[in-house]
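Fit chain B to the given chain A structure using the hints.
Protein chains in written order, with full-length UniProt numbering: chain A, 1 to 400; chain B, 1 to 400.
These are computed hints drawn from the structure, not numbers from a lab.
It is possible that part of the hints are untrue.
Just so you know, same-sequence chains aren't split out, so a pair can sit in one copy or run between any two.
Said to hold, decoys possible - With a Cα cut of at most 25 angstroms, we get these calculated DSS-like pairs of lysine-lysine:
#	residue 1	residue 2
1	LYS27	LYS89
2	LYS308	LYS223
3	LYS227	LYS308
4	LYS27	LYS227
5	LYS308	LYS230
There are 2 protein chains.
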Amino acid sequence: MNNFNYYAPTKVVFGKDTEKETGRLVKEQGASSVLVHFGGKSAIASGLIDRVCQSLKEEGIAYETLGGVVPNPRLSKVREGIALCREKKIDFVLAVGGGSVIDSAKAIGYGVANEGDVWDFYAKKRVPTACLPIGAVLTIAAAGSEMSNSSVITNEDGGLKRGCNTDLCRCRFAVMNPELTYTLPDYQTQCGCTDIMMHTMERYFNMSENMELTDGISEALIKTVMKHSKILKEHPDCYESRAEVMWASSLSHNDLTGCGTDGGDWACHQLEHEIGGMFDVAHGAGLAAVWGSWARYVYKARPERFAKFARNIFNIQETDDEKAAVAGIEAMEDYYRSVGMPTNLCELGIDATEEQIKEMADKCSFYGKRTVGVMKKIGAPEAAEIYRMSNDKSIPLYSR
Amino acid sequence: MNNFNYYAPTKVVFGKDTEKETGRLVKEQGASSVLVHFGGKSAIASGLIDRVCQSLKEEGIAYETLGGVVPNPRLSKVREGIALCREKKIDFVLAVGGGSVIDSAKAIGYGVANEGDVWDFYAKKRVPTACLPIGAVLTIAAAGSEMSNSSVITNEDGGLKRGCNTDLCRCRFAVMNPELTYTLPDYQTQCGCTDIMMHTMERYFNMSENMELTDGISEALIKTVMKHSKILKEHPDCYESRAEVMWASSLSHNDLTGCGTDGGDWACHQLEHEIGGMFDVAHGAGLAAVWGSWARYVYKARPERFAKFARNIFNIQETDDEKAAVAGIEAMEDYYRSVGMPTNLCELGIDATEEQIKEMADKCSFYGKRTVGVMKKIGAPEAAEIYRMSNDKSIPLYSR
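Pulled out of the complex, with its shape left as it was, chain A reads as follows (with noise of 0.2 angstroms):
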């Protein structure tokens, strides 16, 4: 087992009309002017962001209202907060929404509280000493950006994907209400299901030593999330379903299923960072179509591993660790088909050419500046193998 630092200060506020604590919340962490921070006109029309405000004038508790933000957020919607905020003396950003808005928010912060150009926290040029204090109601089951150290920002210019970590942003806490995620459409829901899914697989795919309830945790979320999801399909207001894959959106993604290892691969989050960046896909859906390729491009690295995975969370029996390895990404894969989810970039409706490949794994390596992964060490002529894998149309099912 590896040394760890494990820190999860977010104070979750979780159930039914739990949103109505929000000015209460904000209250409790000394702010007086407030950023309301959110998406699409859905959180206006469903009442949301009203019944959210009346919570922060219950309050006394000033704010101003900011929407707009998209699927992989802008860096143009983050500056446009910035100036807001530094205009009307904001102390506090609160996020209404999921990991877009949270994550959009989290750069807020930081664009606020630090001189210079945000975009250098993303670019690796500097490393942030502080952001405004943030907090979230979350609406979409998914990034887990609620309770992680995360921020991920699209520059529109260049089309880059990038994130920034550190605990300076994690949320002061989380209001969490399944119910506001019922009238999710089916697609966003798997899309969300299948990120809490892999960050958690991200990190369970290592190369330390095996840590037995780290390892247990993370096959229990796995099994946890891949049941519900399917419930869902079928019942998009079973309280009981959303409330499991809303927690465990936190719970995969506040690093506890990484305590003990090595941090994990997360190749297949820089890869699919610009596939999103290229095609905007939803990244759920990237994700999931670049991991079959991902799998079997690195299984052979450790085969053992896979082989867990697939005892544990797909109780197959195969004895030969390579052979179970292969049956559990055929049964990943085939979970992913059957919740509507894409298994490479055809199925995601992607048919890029080499010109994009190349662009696309040009990014991922920095231009040949960096590796991703540790099962195999990604640069940038292996992402594009990677890449091409998984676009390649002629390839059979279970081969690829």
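Quick look at chain B alone, frame taken from chain A:
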């Protein structure tokens, strides 16, 4: 699933040599004068107190030391600590030890930060409104106090063992080096493992609708501790096993394994508090000694819950819930015996008189003012019955 709050802000620094980071961690908290609180001479003899104090010195932090905390930590020591902190203007209490030392440190923290008699908080006469910041360097994996909101103190005047739970006392940081637990005697290790499992089992046995992710995490934790407690009987210096158990100790009692439940039963803890108060036995052994009798007394209130425990922890295949429940209770007792833990008061070396039983039952029920437990409400008569079952030498194995 029930609505819930989850708040586990403790910064965990886990692994080899991490005690050397103590000074840095205290400084990060803005403290300038520390009470180093500990138990017996072994902490000095092992050099641990020296290493921790050295680490404080290197950061220029002043400190006082106060040792002598005993298992079932005493109110008199707490009062001594409060007086010392006030005299020396201490602003941070650093517990170097296990649950007893951390609980004592929390009580000192309450006492210094509030006016009046600290025992009031434990006697439920008042609620504390503040607490000095607390940190921990853990030397025994058991109580989970390093991440919990709990502190249990014994008032020598009357032998009352009482708890006070608030978020105020949650440790700011917890340094966890599994190597520090290598030298624990086997009995103490096993008592710790029992306590760890019981913190999850108390939550697992509840009357609320099942929470799948929480159950899955709980089952993973119990199975992990069970496996590694057995390994530690033969290999007390197995780092991996010490580490699994130590991390489980924190996760078992930081509320993670109760999320979405009704909070759990907790009758065994309350029943054991009185055993500990009267006979001064090790807490874990007391829990093991009372669990089987409690389980047999209550399982018919919800056999399906005990059956799930039996099937998922012990892989018991019995399809009838009541039969599976009983088989699970027996399997748990077998496990306890296999690691040298008692399964009744007799095996714990206690031969309680009927008067003592009645006194414990009276105290447990606050002299008729409360019941404990949720699976069955346990007042004084029910508590006496459970104590009697556990105390009766004539009951054969597996019938208690």
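Against the structure, the hints:
1. LYS27 / LYS89: within (16 angstroms within a copy, 31 angstroms between copies)
2. LYS308 / LYS223: both (14 angstroms within a copy, 17 angstroms between copies)
3. LYS227 / LYS308: For LYS227 and LYS308, the Cα distance is within 25 angstroms both inside one copy (19 angstroms) and across copies (18 angstroms).
4. LYS27 / LYS227: neither (38 angstroms within a copy, 46 angstroms between copies)
5. LYS308 / LYS230: both (23 angstroms within a copy, 23 angstroms between copies)
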